[in-house]
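Protein chains in written order, with our numbering: chain A, 1 to 425; chain B, 1 to 147.
Worth double-checking, as some hints may not be accurate.
Keeping only pairs whose Cα atoms sit at most 27 Å apart, straight-line, the calculated DSS-like set for lysine-lysine is [as the list claims (entries may be wrong)]:
no.	chain 1	residue 1	chain 2	residue 2
1	A	26	B	44
2	B	95	A	192
3	A	406	B	34
4	B	34	A	303
5	A	411	A	392
6	A	366	A	406
7	A	106	A	285
8	B	95	A	392
9	A	106	B	95
10	A	7	B	34
What the hints contain is simulated information worked out from the structure, not anything from laboratory work.
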Amino acid sequence: MAMELTKEQQALLDGEQGPVVAKVVKTLVMYGECFGAQKMAPVTSEKGHLVTSFGLSMMSPVFELMDELISADLLGQPFSVDPRPLDPNVPQNFLQKTLFGIMYKKQADYEAQLDKLGLMGGDAFTCTCYLDEVGNKPQEGDILSWAESSAVVYANSVLGARCNRNSGIIELFGSLVGFVPYFGLLTDDGRKATWVIEVDTEERPEAQVLGSAIGMKVMEDVPYIKGLDKWFGGSLSGDARDYLKDMGAATASNGAVGLFHVANLTPEAKAQGEALLTEGAQVYKIDDAELRRVQESYPIIWKDASAKPKLCFVGCPHLTENQLQEWTEKLTAKLKRNRLAKVVVPTVFTAAPAVVENFKKTSAYKKLADTGVVVSSICPLMYMNNPLCNSKPTITSSNKLRTYTKARYYKDAEILELISGGGVS
Amino acid sequence: MTKTFKGRVVVPGTIEAEALVTTAGFNTLASFQKALMFGDKQAKCSDQNNPELYNQPMQGKALCLPQTIGSTTGGMILYCAAKMNRGPSCLLFSKPIDSLAAAGAVLAGVWTENPMPTIDSLGEEFLEAVKSGMTVSVGEDGTVTIR
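Looking at chain B on its own, in the form it has when it is part of the complex (with noise of 0.2 Å):
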């Protein structure tokens, strides 16, 4: 079945990818610790405080979250994964993004030659009806369509 949702752009792009899924605030310095620290292509989620997302391959994937948590070193964290090919393929908020997924989503817009697409506010629907595994379409003006 088929669902589509809209939320407001922070960083346009279209894209479609695998749904990767955390109904809990995104700790992005505990997700990619390990992942940028040693190496692994894959960006195996680092966060033990996350059970939803821990050990699982975060890389191209397209992360459904409701907001990030944590560290201020959380946008330049992001802004590193995009840069090195580790990070999701694109970030979709439930909430209003956060000011610090914000830096890295805009830092990863102008500083890398991999931005993430980046919609936020698709509203609590949005995080109740996308489970990972699931595909999920981008569009340029916001749109977000799971299946």
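In isolation and in its complexed conformation, chain A is listed as follows (with noise of 0.2 Å):
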């Protein structure tokens, strides 16, 4: 069936603003029609999010369409975007800097259309736009019209807006018309679980592996997970919600998980409870078998598999601020113990621009400096789009950043043994 447009989207679609608007409305009809979709519904969340942070060289469509929207005049709400791609305090030698400036040689140029399109301003780069430090966190049951993931799919479970699994551009074209395709996670139905995830762990599973392996076992349906709860006393507190973030985050790039839900902890399987559930969901018991089966399943794809780390990633989603503080704790405690004053890896930890100034006020940051971390708000993953840099041995304990790269996956625990002197099996 053919959408059914409201006199104003129709008038759009007919090119009373001109012949881009129309052609971005016709975008957004032809994307819904092919989930079914028979309306458009408005955006209302006050901001959007784009997922394009990076003037990569090769995106020269991508420019000129953006060249094409701001020619509109199109303004619609402001957003927030993905981390930049380039900090000269993250570890470069020569070659792979020179490389940075060939591959991002429109970083100024592209951050000039963002901003005549709406970018919240110069320190909204980051992919954990959702914090308060941000100032982009949606109210529950605000329909969106984001990219990224990550934010994504913690927008929906975490904090109960709506919200498709949009692909750049997309989400922009949403942005600036103010309406999206009604389908998919916008609608209750498609908010119910097809998924039952039992977990049965004898200590609070890692964030990270629980995700991959959910990610991995359900694609892209909604997943009701069960077990869970019992490890953050049934509340969506600062440390729950960063464990959802890292969760979630690797749900949907290990697989493709736009919802999920917590038994007693996120907010609509707190309302609704079981009846979230489909009729005939599937069952997936986890345990700490099935987690170790699934984190040595994971290819080790460096060219030398008993290489020395020559460099670590921590935040990929950006850290909280709770968590920088949580690291520093922890890692200036190891290296005390170790009889350390520096990581013996050089390891980046990141955050969002307006994290890491809060951070910087506290004094934990300077103890974290001397170990010789660097603080910084880069997405690590377009970091290691370098060539040059993806082929140096890395690590991380995210399983994003594994997924998109050659970096090597280890849990927090391990990270933090590797980075301070200490041996992992």
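Work from the hints to combine the two standalone chains into their complex.
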């Protein structure tokens, strides 16, 4: 069935505001019709979020399209955008730096285009736009036009907002015209769970491995997770939100999850309980052995599997201030125990610019800086897009970074050992 | 031997091309990353996690796949590939199309001179029957013939 548009939407499609706007609306209509959308839904959040933050030279078609949008005088809602790809403070040799310059030579031009279309500000570059410090936190029930898989899954699951897993450009179109096709995760039916995940582990499971296991099993479906709330006392505290941020990013990158429910914890699961389950939902049981199996299945694609790590990234998605504080505490204690002053692997912790700014005002920042750890707001993934960086043996506790690059995954505790001079079997 | 399948038309068009098949999810960003970054006109696949496609030229091929996976830049990447004439000639999905691939197919159809005819829901048997190197013909009505 063809989509029914309001009079105003139809007028835009018919070219009332010019051919560029008409093409934007046509794109959204065709996109929605792929999924049986019968109408558009107004975007109700105050702000959007874009995935494309990088001015890669290869993206000339995107730059041309942005120019077309700018020329059409389209100004929609303000938006944040994913992290920048460059930071001179992150370790890079002369050749790597030169290649960065070539790869991202359009960065300044692209940021100027973003600015013209509604970028929130120069510090709005992060994948964790929903943190209080950043200022793009949607309300429960808000309809969003966002991309960035980790932000979408967090907004849907932890905040109870409604957003599909949009692609880059589509999310910008929705933000500019103020409506998105109504289908999938925007609908009550699309938010029902078709999988029950039964978590039964001796200790709190590693967020990134649990998310990976769930993502690889359910792919784009909606899981309802039982047995996880007990590790958080049934409260969606800061600790629980941090955990779900990391778990969700892994479900979205190792699979294509856009929404998960955690029994007794996330807003919709608290309100509706098992009424969220569809009839005949499949069951996936996760115990310690299953998590071990999943972690052991990750391929090691370093040229020399026994190479000594030359770089470590922590913070994909970006860390919260609470996580920065915890890492600092654990790392300084571990280094002291090992009678070391500095980390033995060059290490970068990443967080949103506003989070870093706040963290720098605390005493922990100096302690962390003294260990040699670099605190940056870079996108580790964009850094690793540089082939000269990707070939460097890099370790990470991010399952997203592992998936898209040659970085090797270790659990948080293992990373702590590796960077502070301990060993890992 | 010729076999015919019928799917749903996402972006209409007729075309004949050589099949390039992946039975695993197609990671759009990982696959096109190097080709677009370093100007490889053949668009050789750079996804090392996909042994069926790794190093295979993708430009002009009939890409046969279950769905796409990976980064939400996926649709934008497909659009760039099409606009730069490095994309597949058509996209043939065994499953219902995913939101990122749909975005790429629609963007290429509306915003470029190189639309990629796109058919989805061709069924598991399509992906079992089609092999890389076969000739694929796509009809306006969603009919896909392999030989």
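Now the hints, each set against the structure:
no., hint, result
1, 26(A) / 44(B), "violated, 32 Å"
2, 95(B) / 192(A), "holds, 21 Å"
3, 406(A) / 34(B), "holds, 14 Å"
4, 34(B) / 303(A), "holds, 18 Å"
5, 411(A) / 392(A), "holds, 20 Å"
6, 366(A) / 406(A), "violated, 31 Å"
7, 106(A) / 285(A), "violated, 47 Å"
8, 95(B) / 392(A), "violated, 37 Å"
9, 106(A) / 95(B), "violated, 37 Å"
10, 7(A) / 34(B), "violated, 44 Å"
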